[in-house]
Amino acid sequence: MSAQVSRMSRAADARVSRRSKRRLPAAWRSPLALVGIVIAGAWFLAAILAPWIAPYDPLAQGLPRLTPPGEYSVLGTDVLGRDALSRLLHGARVTIPLAGVLVVCAMVLGTIIGAVAGYIGGWVDEVLGRLTDLFMAFPTVILAMVIAAALGPSLYNAVLAGIVVTWPMYARVTRSLVMSLRSQNFVIASRLLGYSPWRSMGTDILPNVMGPVLVLASLEVGTAILLLTGLSFLGLGAQPPTAEWGSMISGAMQNIDAWWLGVFPGLAILTVVMAFNFIGDSLRDVLDPLSSAERQGAGSAVGPTTVNADEGDPSAAVPSEPTEQEAPR
Amino acid sequence: MPTATKAARSRSTGSALPRYLLRRLGTSIVLLFGVTLVTFVLTALVPGDPIAAALGEGAIQNEATVEAYRERYGMDRSLPERYLLYLLALVQGDLGTSIRTSRPVLEELSTALPATVEVAFAAIVVSLAVALVLGTIAACRAGKVSDQVVRVVSLVGLSVPTFWLAIMVYRLFFMQLGWAPGSGRLSPALNPPPRITGLYLVDFALDGDPVGFIDAAAHLVLPVVVLSLFTIGLLTRFIRSSVLEVLSTDYVRAARAKGLSSRRVIVGYLLRGASLPILTMVGVAFGALLSGTVLVEAVFAWPGLGTYAYYAAINLDLPAVMGVGLVVGVIYVVINLVVDLLYGVLDPRVRLG
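These protein sequences, in sequence, are chains A and B.
Following our numbering, the residues of the first sequence are numbered contiguously, the last one being 374.
Following our numbering, the residues of the second sequence are numbered contiguously, the last one being 373.
Isolated chain A (complex conformation):
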């Protein structure tokens, strides 16, 4: 089992990297992607180097309180006499890796559920599909808030809550992709050759699913950062005295006259999320083989589509809709 899984992932890696080699130069040429990569790279560097480049310890309280930028420190000091710049730099070490963890876990979970639903079909698909619908019915922040509050406010619980609310998107995308792949001739051929379902999943289906799923994931990094900082802002994520951008903004709300305390953490979130959105959006243009299909299918592959005008009755749909029920099992 584990050998098969690793073979699957290796096969997927191989396909993706081969495709990347062929197509990445185009992504690099896009100025939008370049801006995104530069900004994100700068933040990665800041996160890695924070302990060395930050002028002060982010938790040390020795400085004069509430001094504006430039007086004692580049970005001023907060109500406890901590250096805002040091806290900002260290904040990158908190939010960016955790957002990455969130996205990867949600992607793996959602892809597995979606692939199982799409490949097996039948009642399994029905049950998993309803489950996915159910989690999509909740607005993400409200559900995440309830989970984070229930588990107890901490950053790790916020990440857990984020995984719970974001996996359905990957499940939807994967399910619809697997469904259309399942009936393709090359997949049927491999089944006819006697390959096991695992093998056909690993070599034929997953590699073709990875592209769109990775594009979705790259676009979701920004959303994950917004969710995590938002929960921390509400006091349901990072706890004081952790230097985290969302809780820094929440602290700034109590000292609203000290404008510098709120402005810079917000700009930090904005620039990081923007960088990832730029990269993800350019990747979608270049990598996603479905981007044209998506436009035709009105977002049926990427993004949550909530509408099924034909619910339960495929014959009533617009004629061009694919008939999932007819796919061979």
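The set of hints was computed from the structure by calculation and includes no laboratory data.
Treat the hints with caution; some may be incorrect.
[What the hints assert, rightly or not] Which chain A residues stay away from chain B? Per the calculated CB distances, all over 12 Å, these:
| no. | residue |
| --- | --- |
| 1 | VAL83 |
| 2 | PRO114 |
| 3 | SER277 |
[Stated by the list, open to error] Partial chain A-side listing against chain B, Cβ under 10 Å, derived:
| no. | residue |
| --- | --- |
| 4 | TYR117 |
| 5 | VAL119 |
| 6 | LEU312 |
| 7 | LEU315 |
| 8 | MET319 |
From the three backbone atoms N, C-alpha and C, an ideal C-beta is built for every residue, glycine too.
Given the structure of chain A, go ahead and fit chain B onto it with the hints provided.
Chain B in isolation, oriented as in the chain A frame:
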């Protein structure tokens, strides 16, 4: 397949719509049942103790008080029992009593919900209007500078942390410039309108009170602007790709070829043709707005669903959290239903069967 289509077509003439609605009602009830189950499991199986959260330090020492509290909120029963009791009460229209405020959850939700609906609805109208313009411009000039500018603007809109933007505009337009009123739905000097719909704008208009109407509208401005930015980004990108797709169709080319003004082509052909996917996306955007309101309401002290959900969540107020889950589930179901019904109106080929 063709015979099935024919059958669907003949069915759709008379009794199809009621039957369709009935079936939708069935699936909706299943979904709402699932929502209550998920919320119940999430809030009941967790380490936190709602009684400890509700009672003070002193009261928690007193065992009799704790016991009385447990009994009052049914905490002394087993979990399945509690869930069944909740469902039984729910069928009778009773959402229980909030542990935090000791008031009926239904009553509290009925004041919180209109506050959020008002601001979310205003935001969706504003963002749709802006996004239609931006998206159409971007699509009609695909690849040109204006298209690139719109793309960057909408991506930035999707990247702004709303809670931060809320604080920034609050500081700037309320505290420094004084152009917009600060927090809440109404200035403290004014009384709320007689409750008819719960939407202040509508109620003030029905009451014929221009002062109240203007004040309520002014209080809406900042939250709506902040909330709209994200949905503008979301909708613009989607409208662009939907319009682009319609642009390449034969009927648009034909409309151009016969010399119609570009305004008529855009309004009558492009936007009409792209209206279905746009409609779907508006439904999705509304869901995103409900999420966004939690953070924005916190900043503007807006007494809406988000604020209510927040206090319910941090106090582990189980009945209130369940109530929020239900209301949100109902909103989701209703939005999807409205979108699907509008599909039938906008595109006669879609038959609800």
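Hints, one by one, checked against the model:
1. VAL83: Non-interface label on VAL83 of chain A holds, nearest chain B Cβ at 15 Å vs cutoff 12 Å.
2. PRO114: 16 Å, holds
3. SER277: 10 Å, violated
4. TYR117: 23 Å, violated
5. VAL119: Given a least distance of 20 Å, the restraint on VAL119 of chain A is violated.
6. LEU312: Holds, because the Cβ-Cβ distance from LEU312 of chain A to chain B comes to roughly 9 Å (cut-off 10 Å).
7. LEU315: Holds: closest Cβ of chain B sits about 6 Å from LEU315 of chain A, inside 10 Å.
8. MET319: 4 Å, holds
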